[in-house]
Amino acid sequence: MKYLPLLWAQLFRKKTRTVLTLLSVIVAFLLFGLLQAVQVAFEAGADAADAKRLLTVARYSIIEPLPMAYLRRLEAVPGVVGVASADWFGAKYQNESNAFPVFAVDPARYLDMYPEFTIAPAQREAFVKTRTGAVAGRRLADRFGWRVGQKLPIASEIHARADGSLDWEFDLVGIIDAEDPAVQGNTDVVLINVAYFDEARQLGRGKTGWYILRIADSEQARAISSEIDRMFANSPDETKTQPEKEFAIGFAKQIGDIGAMVTRILIAVFFTILILTGNTMAQAIRERIPELAILKTLGFSDGAVTAFVLGEALLMILLGGGIGMAVAVSLMPGLNGATGGRFPPLFVDASTWLMAGLIALGLALAVGLPPALRVHRLRIVDALAGHR
Amino acid sequence: MSALIEIRGVTKTYRRGGEKIEVLHGVDLDIPRGDFLALMGPSGSGKTTLLNLIGGLDSPTSGTITVDGERIDQLSSGRLSAWRAANVGFVFQFYNLLPVLSAQRNVELPLLLTSLGGSERRRRAEIALTLVGLRERARHKPRELSGGQEQRVAIARAIVSDPTLLVCDEPTGDLDRATAHEIMVLLQMLNREHGKTIVMVTHDPKAAEYAARALHLDKGTLAPADGAVAP
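As you go down the protein sequences, you meet chains A and B in turn.
Position 330 (the first sequence) corresponds to 330 in the working numbering; numbering is contiguous.
Position 115 (the second sequence) corresponds to 115 in the working numbering; numbering is contiguous.
For the record, the hints were derived by calculation from the structure and aren't laboratory data.
Every residue, glycine too, gets a C-beta built ideally from N, C-alpha and C.
Mixed in with the good hints there might be a few duds.
As the list claims (entries may be wrong) - Chain B residues, not near chain A, derived (Cβ > 10 Å throughout):
1. R8
2. N52
3. T61
4. A138
5. R139
6. T179
7. R192
8. G195
Said to hold, decoys possible - Listed next, with one range per pair, are the computed distances between beta-carbon atoms:
9. A86/B - E287/A: 26 to 36 Å
10. E19/B - H376/A: 20 to 30 Å
11. N279/A - T13/B: 33 to 43 Å
12. H376/A - T221/B: 33 to 43 Å
13. A260/A - A86/B: 54 to 64 Å
14. T130/B - H376/A: 28 to 38 Å
15. G69/B - G357/A: 15 to 25 Å
16. V327/A - G69/B: 53 to 63 Å
17. E19/B - I323/A: 45 to 55 Å
18. H376/A - P99/B: 14 to 24 Å
19. E136/B - T16/A: 26 to 36 Å
20. I323/A - G118/B: 20 to 30 Å
This is chain A alone, in the form it adopts within the complex (with noise of 0.2 Å):
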């Protein structure tokens, strides 16, 4: 610590161009932070999947629902010890923006199947009983500042009521929580009770859209799946079933490889950062060969007077790293609301953080160690001489 003021003096002998140098950082780790946070966001569903756990939809696509009656059927496969169903009811809130997923599902199935959420007993009971029930994601209720015995007028995008409206009213019974910050991250949905709303819907009674199936072993997904497929193959409504992580990142594709996409970008961006930063080290270095040469004199040893040009390379990078990180934290919330729930929720992870960090540390030691070995080389008396 006692040389930190000299480090700090020394980074910021020429402040425009430090400065300059700092703003780069700073873009480049904010860059990472969001577009990690957008990576880290589409992957969630893959990472909070359960590996014992499949999910069954129509072999040709997820739209096309499949029968209600294939639960007991699937109940019977070697293997399942669990299954339910839900079905994309599609709704708005008060208006076109506040757009979020809401899941026709059998409640007890259901939370059974999904126990990394968390409700309140009481509140699980009442949703199992309640036939005009929902429960709401933490995230949701949040959001918009719901209270369980409230009234929840929702409007589907695509289910009309028996009498032809889009607007239906649920009883907001329970809220369901997470503790894993991956998980929290999906409660932006809200359940309501198949029951009630296969009885009250105009079209597709009896449909559901895909099922979930809990597994004894692992190890056996891949065998499971295929006896599911081949029992419904040939039939009006085929099924493809895979494991639920497989299912999480295919879903995820269907907009791009987000994971590639980001993969580049900061590629090119640290790429850029390189040349850039080391450029200005390597220049910064150059001009104060004197001094450094001054330091070894008074008994710096080359091993100490490396590591203060390494430690100017971590320190600049660390802090740019930092201010960058910081304020990509600091966007989250508004980029949340800005996305009307559209968007899965983005936040910067742990996983992240420690990106972030090994990144910096990788950066500053390409960025530092050319000149510091050239430092380290040094030879005091050409220094002093003039000859570098």
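Based on these hints, arrange chain B on the given structure of chain A.
Here is chain B on its own, set in the frame of chain A:
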């Protein structure tokens, strides 16, 4: 006075463009503890090379250099750095202060290599600056000081860790006559009152007059200089 520095048969050879140039030819020299020695000679005579060897900034090609009983010509680069930090203070013609640091911070620099805490480092730097008459300029950066003041700060930096030996390379070379006189009086005071052994390279016979004795170096060989002995 016992010899603080013993130099025996020291040669120094440089390579310049594939050519070997022997700058010092078997120099023998004893510098007693508490001496104030001026090394004089024309440009290229090897006086700065000899000074660098005495200060542990360079190693001889052959021969031995013993300072206070320690063979510094045999020390590794790392140990030589530590030896310099503990035993030598340096004063240069162009002061060589770090421009981004205040006078106080510049003087504190050598103390960063010690285990002293921040307040003790500051206290000692203040004492050194007081000794050179610049305590009130402690917060000023080098560019805010005159040449003479900068050299005083450099001297404060050289003495702050209380080294036995001060190595001065043309300490008045960049100063006007009056300021040079002040600096030489200061060095003389450090030699006489604080017992510092001083080896100084100078072109200036006037500056050499402040030394206790002077030696002439010509083409890498030492000879006594005429009439350069302090009063």
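Okay, the hints, checked on the actual structure:
no. : hint                        : in the structure
1   : R8                          : holds (21 Å)
2   : N52                         : violated (5 Å)
3   : T61                         : holds (13 Å)
4   : A138                        : holds (15 Å)
5   : R139                        : holds (13 Å)
6   : T179                        : holds (22 Å)
7   : R192                        : holds (25 Å)
8   : G195                        : holds (21 Å)
9   : A86/B - E287/A: 26 to 36 Å  : holds (30 Å)
10  : E19/B - H376/A: 20 to 30 Å  : holds (27 Å)
11  : N279/A - T13/B: 33 to 43 Å  : holds (38 Å)
12  : H376/A - T221/B: 33 to 43 Å : holds (35 Å)
13  : A260/A - A86/B: 54 to 64 Å  : holds (58 Å)
14  : T130/B - H376/A: 28 to 38 Å : holds (37 Å)
15  : G69/B - G357/A: 15 to 25 Å  : violated (50 Å)
16  : V327/A - G69/B: 53 to 63 Å  : holds (60 Å)
17  : E19/B - I323/A: 45 to 55 Å  : holds (53 Å)
18  : H376/A - P99/B: 14 to 24 Å  : holds (23 Å)
19  : E136/B - T16/A: 26 to 36 Å  : holds (31 Å)
20  : I323/A - G118/B: 20 to 30 Å : holds (27 Å)
Of the numbered hints stated above, those contradicted by the structure are hints 2 and 15, listed in ascending order.
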